[in-house]
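A.B. asks: Sequence:
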Amino acid sequence: MTIFFSYLRRWLPVIFFTAGVPGILAAQDTLLQSYIDLGLQNNQGLRQQGFILQKSMYALKEAKSFFLPEVNFNTTYLDSRGGRKISIPIGDLLNPVYTSLNHLTNSTAFPQVENVNQTFNPNNYYDAKFRTSLPLYNAEITYNTRIRKEQINLQRAEMEVYKRELVKDIKLGYYGFLQARESIQILENAVALARENLRFNQVLVKNDKAIRTVVSRSENELIGLEARLEDAKYQLVNAGAYLNFLLNRPLNTTIEAQPAAQAIFQTEISASSRREELLKLESVERINVLSGQLAKAASLPKLATFIDLGSQGDFLNFNNDTRYYLFGLTLDWRVFAGNRTQYRIKQAALDSKATAEQISQVEQQLELQAETASNKLNAALQIYQASKSQTALSQQYYLDQQKLYREGQLLYIELLDAQNRLISDQLQQSISYLSVQTRAAELERAKAGYVFSN
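Whatever position you read off the sequence shown (first residue = 1), add 8 for our numbering.
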């Protein structure tokens with residue numbers, strides 16, 4: 009009997025319900041922070057956001073490249089037969105003259121020539137050139153570059169939003185793992201106590217101090233607790249797999265976690281100066297304004313210059329006579345396009361107005377989200393404090409009921425009721441503590457209070 013009550017005293021307090029010391033909290037914070045850092049480094053979704061950001065940066069470089077000269081090499085070769093022709097009566101013009109000269113000189117020094125039929129299409133002809141072009145004035149390039157810059161700011165804000173969501177998910181995954189592990193510890197201790205109760209009841213039946221029913225009930229209670237324990241183990245495996253998924257590690261990687269000290273911290277969350285969700289919308293609004301200016305720029309003139317350095321002539325013939333250069337200026341000014349530009353300007357203006365209204369709406373939503381998260385945290389704190397008191401009462405009540413049962417003054421079913429109530433209250437306290445940490449993480453996310461190291 010003395011040994012049993014000594015075991016009972018060791019089990020009832022349940023080590024993870026004791027008040028945590030600062031050293032344990034510091035170790036737990038450090039370990040959780042290491043998981044957050046690992047997730048920010050390895051998470052696949054965050055990597056995808058990084059690739060999109062790099063793509064936006066290259067898009068900006070592409071837009072800037074339109075200000076630079078562009079050099080193109082172009083060559084053509086033409087060979088034709090038939091088609092339109094022009095008759096040149098060279099023979100009709102020169103032959104009479106040549107005949108007279110031959111009579112005067114009494115010679116054949118001036119031969120007869122044939123009339124010529126020249127086709128319009130060139131025959132065995134090539135034209136090879138390097139064309140260098142440079143825009144002198146093009147407002148569309150300027151506004152397009154500004155839009156690309158703003159898209160980088162937009163993607164950076166999008167990446168910050170994803171990072172904050174990832175931090176919250178890692179914290180929730182970590183707390184879920186701790187809660188699942190605590191549930192296993194509670195149920196393991198409950199199974200051990202149920203086995204001890206079964207052994208004690210078997211001794212009572214053997215000594216004709218109790219009927220066989222108490223043994224059957226003890227066996228059923230033990231089977232039920234063992235089934236709950238197996239389910240809790242599966243939940244622990246799933247919680248660990250989810251956390252490893254967020255960290256982009258093999259799902260069966262061992263999760264290191266300090267014992268969860270039941271002390272409340274991080275209940276006061278400071279808000280950041282400006283939420284990234286609003287920064288995103290502000291970037292979208294600026295992009296809409298720039299899109300309107302880009303639409304206006306389409307109606308402005310475009311001035312460019314070019315120079316061609318090349319050679320043209322009969323195929324494979326290259327000499328001083330075939331080489332040439334050609335310099336010029338081009339002016340392109342759209343005079344009329346069916347009010348297309350005005351329609352685009354109006355569309356961009358309406359997009360800007362819609363985004364402005366969305367910013368106002370999101371500001372209210374974020375304020376409501378922060379207020380709601382704060383209220384939920386306060387409620388979770390109260391539930392946790394109540395569950396601690398309830399667990400303490402259940403512990404004392406079970407001790408009293410156990411003493412009465414050992415003295416033969418209590419039915420076993422009443423002892424089971426006290427035991428089930430104690431286990432339920434311990435599990436509820438574990439869940440309520442997780443709820444506090446979850447609500448704190450949600451409040452931190454709602455206020456964008458997490459400070460990134462870089």
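A portion of the hints provided could be inaccurate.
[Stated by the list, open to error] With a Cα cut of at most 20 Å, we get these calculated EDC-like pairs of lysine to aspartate or glutamate:
no.: 1; residue 1: Lys304; residue 2: Glu166
no.: 2; residue 1: Lys310; residue 2: Glu166
no.: 3; residue 1: Lys137; residue 2: Asp329
no.: 4; residue 1: Lys354; residue 2: Glu371
no.: 5; residue 1: Lys455; residue 2: Glu166
no.: 6; residue 1: Lys455; residue 2: Glu375
no.: 7; residue 1: Lys361; residue 2: Glu371
no.: 8; residue 1: Lys137; residue 2: Glu173
no.: 9; residue 1: Lys171; residue 2: Asp340
no.: 10; residue 1: Lys214; residue 2: Glu204
no.: 11; residue 1: Lys396; residue 2: Asp408
no.: 12; residue 1: Lys310; residue 2: Glu285
no.: 13; residue 1: Lys171; residue 2: Glu78
no.: 14; residue 1: Lys384; residue 2: Glu229
no.: 15; residue 1: Lys241; residue 2: Glu264
no.: 16; residue 1: Lys411; residue 2: Glu204
no.: 17; residue 1: Lys217; residue 2: Glu204
no.: 18; residue 1: Lys72; residue 2: Asp87
no.: 19; residue 1: Lys361; residue 2: Glu264
no.: 20; residue 1: Lys455; residue 2: Glu264
no.: 21; residue 1: Lys288; residue 2: Glu375
[Stated by the list, open to error] Okay, the calculated beta carbon distance ranges per label pair:
no.: 22; residue 1: Asp100; residue 2: Phe344; range: 49 to 59 Å
no.: 23; residue 1: Lys69; residue 2: Ala306; range: 41 to 51 Å
no.: 24; residue 1: Ile315; residue 2: Val124; range: 33 to 43 Å
Keep in mind the hints are simulated off the structure, nothing from the lab.
These numbers come from a predicted model, not from an experiment.
Positions of the beta carbon are idealized from the N, C-alpha and C atoms, including for glycine.
A.B. asks: List, from low to high, the hint numbers that the structure doesn't satisfy.
C.D. replies: Checked against the structure, the hints that fail are numbers 1, 2, 4, 8, 9, 12, 13, 14, 18, 19, 20 and 23, while the rest are satisfied.
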